[in-house]
Every structure is written in structure tokens, then in C-alpha cells.
Amino acid sequence: MGASIDTLINREYQAGFVTDIEADAIPRGLSEATVRLISSKKNEPEWLLEWRLKAFRRWQQMAEPHWANVGYSKIDYQDIVYYSAPKSAKPLGSLDEVDPKIRETYDKLGIPLHEQKLLAGVAVDAVFDSVSVGTTYKEELAKHGIIFMSFGEAVREHPELVQKYLGSVVPYSDNFFAALNAAVFSDGSFVYVPKGVRCPMELSTYFRINAADTGQFERTLIVADEGAYVSYLEGCTAPKRSTNQLHAAVVELVALEDASVKYSTVQNWYAGDEEGKGGIYNFVTKRGKCAGARSKISWTQVETGSAITWKYPSVILQGDDSTGEFYSVAVVNNHQQADTGTKMIHMGRNTKSTIVSKGISAGKGNNSYRGLVKVLPKAENARNYTQCDSMLVGNRCGAHTFPYIEVGNNTATIEHEASTSKIGEDQIFYLKQRGMSAEQAVSMIVSGFCKEVFKELPMEFALEAQQLLGITLEGSVG
Amino acid sequence: MLKIQGLRATVSDKEILKGIDLTVNAGEVHAVMGPNGSGKSTLAQVLAGHPAYTVTGGSVEFDGEDLLEMDPEVRAQKGVFLAFQYPVEIPGVSNAYFLRTAYNEIRKARGEEEVDPMDFLDIMEQKLKMVEMNDVMLNRSVNTGFSGGEKKRNEILQMAVLEPKLAILDETDSGLDIDALRVVANGVNALRRPDRSTIVVTHYQRLLNYIVPDFVHVLANGRIVKSGGKELALELEAKGYDWVTGPQGAAA
Amino acid sequence: MTTTAFLDDVRAATERDGEPRWLRDLRARGAERFAAVGFPTTRDEDWKYTSAAPIAELDVRAISEPGGEVTRASIAPYTFGQDGWTTLVFVNGRYDGELSTAGLASAGVRVMPLEQAREEMDDVLRDALGSICDVEQNAFIALNTALFADGAVIHLGKDAVATAPIHLLFIADAAAAKGASHPRVLIVAERNSKATVLESYVATGEAVYFTNAVTEVSLADGASVTHLKIQRESPRAYHVGTIDARQGRDSHFVSFSFATGAALSRTNVWTILGGEGCGATLNGLYMADGTQHVDHQTRIEHQKENCYSREVYRGVLDDTAHGVFNGKVYVHPEAQKTDGKQENHTLLLSPRAVIDTKPQLEIFADDVKCTHGATVGRIDNTSLFYMKSRGVSALRARQLLTYAFAADVLEQIELEPVRASLEELTLARFTGANAAA
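Chains A, B and C supply the protein sequences, listed in that same order.
When we follow the numbering used here, the leftmost residue of the first sequence carries the number 8, and every step to the right adds one.
When we follow the numbering used here, the leftmost residue of the second sequence carries the number 808, and every step to the right adds one.
When we follow the numbering used here, the leftmost residue of the third sequence carries the number 8, and every step to the right adds one.
Among the hints, a few may not be true.
Said to hold, decoys possible - Listed next, the in silico DMTMM-like pairs over lysine to aspartate or glutamate satisfying Cα-Cα at most 20 Å (straight line):
1) Lys376(C) with Asp433(A)
2) Lys385(A) with Asp129(C)
3) Lys344(C) with Asp926(B)
4) Lys150(A) with Glu233(A)
Derived from the structure by calculation, the hints contain no laboratory data.
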């Protein structure tokens, strides 16, 4: 039984190839000069450089956090390359000018950047190492007044918007990795959906780390103005390398009155080999602010990759009647470690949050759910429902749940449920007795286990998640 | 169709079946009765290939093939169906999808074409009526949150859909009220055909009022201690198991 | 951090002579440890929601001499009207032989104050004392180890069954003011023995004092110990108590923690299921109002196969009271077939009451069934409406529902006189009905 799910989870990492391309990389190491160099490479305005420098100085005074349930050897921050861009990448270049080698890379990953082959209904911003190499459907979106472009472009074209919202949800001083990101972030995506506009297609950023010893520090900022709606997808892959690479991203979401942002991630960074060698350290800060009344932010994530994942997509429920959601499937295998969960901070009245977390641990993997539900004294009638289930495969893995519940208002209703179980031998036998193979049986049980999360994924991503987990979604009750 | 000879089986090194001989021909209905702990459920599980049991002796032939050599799914594909005493819950997997997967797996194994979801729904329509089930059940997770009666009906529904050659009902009557019992029995009777056989494992004679067996066997302490026609069940009901097994047999 | 006063006590204690070598060594380890780590801060994950600073800043000194004016009449409300029970009474932390009663004797059961045990059960003490609550575990255990002056030892011989409950009654009166006591209790249950032990911490006045209790429970194979703790300290007192059990094969440990007293209290209930087939049941009820702070930390460590644990903690918080619950269930890789269930439910009666709860599962075995659940809220409106629709006044309905919420977990107490008494107390608390308090 264990063997059958192992073969499912132990699929060859499909995205592990390297693109041979000439890169413009800066020397290893981090100092104020590095921060200035990155800023100048991007021709940034003075205010942004100042912000970076403040973040850098703050970072120097901070200590790397170690409270998460993960273990790894010390990261040498002076041994990382903080900026690496393909030489051929031109800022503001049209899609036709994208280097064929890079285009080929994205083709291989199933993300065509050719105008004629664009994914229908999905606009893509492709980030390759430190820079965005192309954004599709820009003109189409512009017709609706929607801004979707690389962060660097947005700084030049819409400085007032960027300046207004940058750091408004995740201040540079928030935590060690957020401060590091603020100091050295190289690119990322920027989205602005104007008042009352429902974004007609899925927006997506595809992150690819290619260069060795390079850290990726991207920043995503999504602003949904009053009454706007946007669904955003994020995908990530990296080549197989025997050394660990750091990915420290920051994502900020802002939903104004009646606005709704749906953010979905399929995270498939290289996880290291069976011995636990190599893989990405994925230390990410993701947070959304429901700034306006009746706004909604929903996070959905399928986490299958990375050697270590440390991320807690959170929602600050500031507006009255606002809603926060978190749906997560995290799979760890071999020596992978995941410490992930969410924070729901209830500030406004009648705010509501839902947390559904499914963890699957196999091999020697360790999966931790860490969540905070906090109800502040003024948050009348706050409601939270948390469900957090773990499934164990094999006897060398671990599943841990650390829910923190802090309630300071007696009108709150908080419910938390958690369970841990293994795939039952009886379940497998039952399905086999009905004519199914062991693999089919396991895949069916796993997809059933995850169904509450998968049904939240947009179709395009559901398919990717299905391929990643080798399971079928069709049977999941929807 | 089924030929069991000298079958012995253990669970956790404890011998439960101590030499079972039983032949079931096509079209026959056999009832296997016995007190608690006599080994009757073990017999059902061993025929289906439950991994917790180890066969330590004897042989089982099914349509001339060695049944014991086959994996559980192969047995199912060849037409052996076990209605579980305790049907298992599979959260998140819809009944309809589960059934269609099973149905298609069995068809594939027989070299037949798979049916698509729409055609399958048509097949389901008529089967649901047979067990007096609502099609809402198709969208619920397999057995999850079902009442005891619903679970048993669901087993019969699966049997009706999969049309096995040999159906083994493991205490399908236990815990059922009289209405549910009647529905279950009707389902079984509707499937009776000259080329299909049924083994009804039960503790009580009650079910046999509805599913009339051709033969009745009494199991005690891992062996068949008495065989006879349908009247044997009535006699057992009147006289109790002690009549055939002796007090020791009942205690085992 | 103002730990000076405590360190003075520690210094005084290490100079104490007349104790055997092994005990002096144990105390020295406690003293060293406390001096090294000091009181925990809120940066310690285990003390995230409870600040020990008010304790560190207390102007209290260890009570060394017996004192106080406690009489038979003043302890009567706390003895559940049971003369047959073995009751050891401690006044302001010191054993009082006059007030204690021997109760019904049971073969193989020895109950005595610590001082007497040093004479009569040196072997038991030497083997067990400090073997469960190691000074490394936390500062309060270290401090207790360095300073304990009095306490009790209960030894249940092989197959011994205590026919009547054993009650350790710690009572504080006005003379406890500015004092600190560090009671130490040791319960050693040999193979297949059985007993119910009750530990009460009560007060007749409103003195400011500090209790730092440590109870070690050793359960050999097949032993069964029920431990009930009743914490009704003075409303201005500070209470830290640790109950720590080690369980052998097929043993059963049942714990109940009832906490309504003290300005600040922290109760640790820990057990390690160290043999196959054992079970632990940890239940509790905390009720606080005013500015009280009440904290419970439970830790259930499953080390071996086929063990179960059950845990239900309920809390009712009023005014600006602050409740904390942290329940850990830890399942080792070897502990297959573990069956663990944990629940924490808190009712907030006032808009300014606060609860921080953290039920926590850490699981390293794959064939386990573990669940936990937590709820926080106020009284269910549907139930309220239902009662009102049957003619019950809103106030009365609210009172009854609050009582029902709390009493739900009291039902788990098997010892009838204690259950009845705590139910009465709880009913009186929420309905103002007359009750012995």
C-alpha cells in the first residue's frame, strides 16, 4: 500500500532542466552597494532606492527566525547572487522579442509565450530569475483599464499606485525575509483592477529560477479597487541542483470596498533529491488586506515542491463584513519540510474566515500546519471555521498542527477541528474488492481527502495540480 | 462454479478456518449460518482476499481457476463480489464516480469498452429503483455519513451495477429493520439467474424468509458441522445453535 | 527580572543541613538550574500568553515556620464531609498533624507527610523524587526542588487498593501573606495498585502569597491513579502547579483540574504513556472573572503502541479575565495505533474576557487516529431562545446554560462527593443559588 502511493508521489521532477543562457549576474554577496546596484540596474526612482535602503538597514538588525518546525543548515547570505537576468532580456520588449531559448523553456513548462499559442483565458507574466521576460494579453487587459505588468514596468509607468500600496500590507520591517526581499527584490508582477471591473481572464505569473546560486526575490502587488474582482494564479519551478537556493518572495493583496481577490498557487519548486540534497528554500510572506467593507480575499495553494516551505498566506480583515479564506494542500515526501498555514486577523465587525488545510506526509517528510486566528476586541460577531486534516503514508514521516486561537471578543464564534489518519488498509481493500488497482485506490482516496481544496482551484490549475499529484479530480464531490 | 476444499486460514497466528469444504454450482443460493466467532465472516473475507487473513491450507477453485492466487481486484474483475458487513467510508469520493470507476475497471478486464458518464447514469437510474434509493445518494461521498441501512443498500446497489457471477453477502442483514431487509432481499432476488450464484452469510434465519436458499450450511469452530436444505434454517431458529454445535461450539 | 528574593531563599535552603547527601545534591541541582535560567519570559513558547513577571516581582519569602490560625471548623467546608478519607492538612505550606486524619487504612497503602517519609521511606524517596519532574524541565520545578519544605508521599504497594480517597489539603490563611510555599507531592503506584488522590489548594482569606507545587506520579504496569486537583486559592494569590505522570504498561492515569482561584494561576498536567496499552484521561474546568488570569498546559506524550488519551477542558471567563489553554499531544514514531482525542471549549461571558487557546498535535507515527477540536463563543442563541420559548426568563436561561456548559465536564468526575460539591459550587457561581462555599 505504501509503495503504491510512493510511486504516485515519487514522480520524476519534470521541470528540473536547465536553460543554457548567458546571464547578466552581479557578484555574490549583500551590502548597501548591492542594493544600490540592483536599484540602478532597474533605473529606479530615488524614493524606491530609499525604501530599499531602509529595509536593508532594518534587515541587518534582525535575526533569522527559527521558531518554525523546520531544520536546515545555516544560510550564508553573502554567498548568494542577488541579481541575475538573461542578457537578452529587454525591458518593455514585446513578446516577439523574447529570446527563443527562454521561450522554449516556457514551452517545455507548458506556458507558451508566442502570441498565437497563448493560453486562452489566461494572461501570463513570465519571470525568469530576477526579471520579467514578457507579459501576455497586456493590450486586451488595458481595454478594461486593468494594469498587469512586471513590477519594474509598474514603477516606471504607475509610480503613484506603486508608491501608495507598496509595503502597505507587508511593511519592510515585518519579518526577516520580508525585509530581505524589500532590500533586494528584483521583479515580480503588478496588478491593478479599477473600480467596478471584473477582470475578464485569469492573470498569472510563472516564476522560473534558472541560474545557479541565485536567490529569487520577487514581489507581487495586487490591488482590487472598489467592487473589482480578479483571480490570479502563480506557478513556480526550478532546475534540479545539488545546492539549496533561496526564494524569499513577498505578495501583497489589497481589496477595497466590495472587491474580491482570489489568489491561487501551485508551488512546484525543486524539492531536492531522495537524500534531501538540493532544493529550494521557499521562505515567503504573503498577506492580503480586506481594507474595505464586504471585501473578500481567498488564498488557495497546492504545495508540492521546495526542500523547505515556510509560508503563511494571511488575511487582515479590516473592513466590516469582509471575508478571508485559506485552502491548502501540502504534500511532503523524502526529506521535504513544510511549515505552512495562515493567519486570519479579525478587526472589523461581522468578519468571517474559513481555513481548510490538508497535509499529506510521505517518506521522511514533515508537514506542519501553523495557524493563527485572532479576534480583536472590536471585531463584533467574528466567525471562523478551521478544518485541518493530515494524512500519513509510511512510518518515518510526521504531521504537526499548531493552531493559535486568540479571542478578545465574546461575540466571536470560533470552531477548530483537526484530525490525523493514515490511508486505511480497509479502504484500499474495499476499493480493490470493487475491481480497482492499488494505485487507483490510493489516488481515489487522496483526491477525496483533498477535494475541498481542489474545488477552489481555477480549472487551468486544477489540471496542473492533478498532474503533480497523479490523482484524478473528477470523482471529488463538488 | 466455486469449489472450496480443506480451506484453512489464520489471522494473527490464530486459526479461524479449520478445513472448509463447500461446492457452489451456478444458479445456486447457499446460506452459511453459525454463531458468533464460528468463522463465517472470515470465510467471506478470505474468498474476497482480505490481506489480514493468511490461507494456511486447502484450495479454492473459481470457474476452474485458482482463486487464492489472485489479487483482490482480479477476483473482483473475474466476478467475485463481497457485500461488506461493515462498508468502508471514503470521504470526498462521490458514489457515482466510485461506481463508474469500478464498473469500467471490470469491463476493461473483460475486454469490454468503458462507458461514459452519461450512459452510466442511465444504467444507474434503473438500478437505483431496484434498491429504492434516491439519486441524491450518487453525489454523496461513498458511505460517508450513511446510516447503517443506507450503507447496506449501497452495497446491494453496487452488486446490482457490477453484476457479479458470485455474490457473497456478509451479514448484510445485521442491524437492518424489516423494511430495509425487504429492500435488500428484493435486490438480491432480482439478480438471481441460472448463471449466477450467491453465498448468504448470516447469523439469523430471518433473512432467509426473503432470500430462499437452496442449501444451508452450519459453521462452528471453523468447520461446517451440518448441511441441509432450507428447512435446516428453520430448525436452527427453533432449536438454537447448541443443537448442532454443542455448547463448546457455541462458545468458540 | 527580580528573582533576587527567590535566590536568597535558594541560598538559605542550600545551607540547610541535616538532609541526606542525595537530597542535598538534588536541591543543589535545582538551585543551580534556577539561578541559571531564572523565570520564563513570554518569548518562551510555553509562556507566550502568560507572563511570569508578576511572580518574579513578588515580594515574598519562603515560609519556613509553621503558623496560622486554621481550625477544624475552618477546614470543614473543604473536606466534602468525609471522615473516612485519609486527609493530610497543610497550613500555609506546613504539615499540621493535629488537623490531619488517618481515615480508613488499606493494606499496602502508605500516606505520610514528606518529613516522616524521609525517616520511613528513604528508599522510595531516593528512587523516585525528582526522577519524573526533572529540574531541567522548567524554572518553577527547579525552584520547587531547591526549596520544598513540606509535602506528602503516597506509596501504593503491589496490588494495593486504597479503599478510600486520599486528600491532601493545602490551606492558606492571613498568615500566608507575603509567603511562598513550594509543596512537593510524590505518588508511587506499584504494579496493579489503585488509588484516588485529591489535592486541594484553598484559602480562608485574601492574602497575597505564592504557591509553587510539584506533584510527581509514577504508575507501574497495571496501576491506576485518579488525581483530582482543586485550585481555589485566595483571589490575590499566585499559583503555579505541575502534575507530571509516568505510565507503565496497561496503566491508567485520570486527572481533573478544577481552577477558580488565584489572581494568576498556571497548571501543568503532563503525562508520558510509556508502556503499551495504557490510557490517560485529562479533564479540567476553569472559571475566572475580575482580572484573573488562568492558564492550563497539558502534555500527553504517546511513546508506545495501542494507547489512548482523552482530554476535555472547558472554561468560562467573565469580566476581563484571561484564559489560556495549551494542549499538546505528541505521538512518537513507535506509538502506532494511538487513539487520541482532545477538546477545548471556552465560553466568554463578557465582551472583554480573553481566551488564547492552542491545541497542538505532533504526530510521528502513521497508524494513528488523533483529533482535536476547539471552540470559543458565547451562549448559543438557539438554546437561549428555546428556553425562553418555554417560559424561562432570559437571565435564568443564561444562567442555566452557563452552568450546563461548565457542568458538562464535571460529569467526568467519578468520585461522587467531589463531583456533587463542585457542581453545587458551579451552580452557585452562575445562579447565585445557596451552596456551601
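Exercise. Please write out, lowest number first, the hints stated earlier that are contradicted by the structure.
Key: 2, 3
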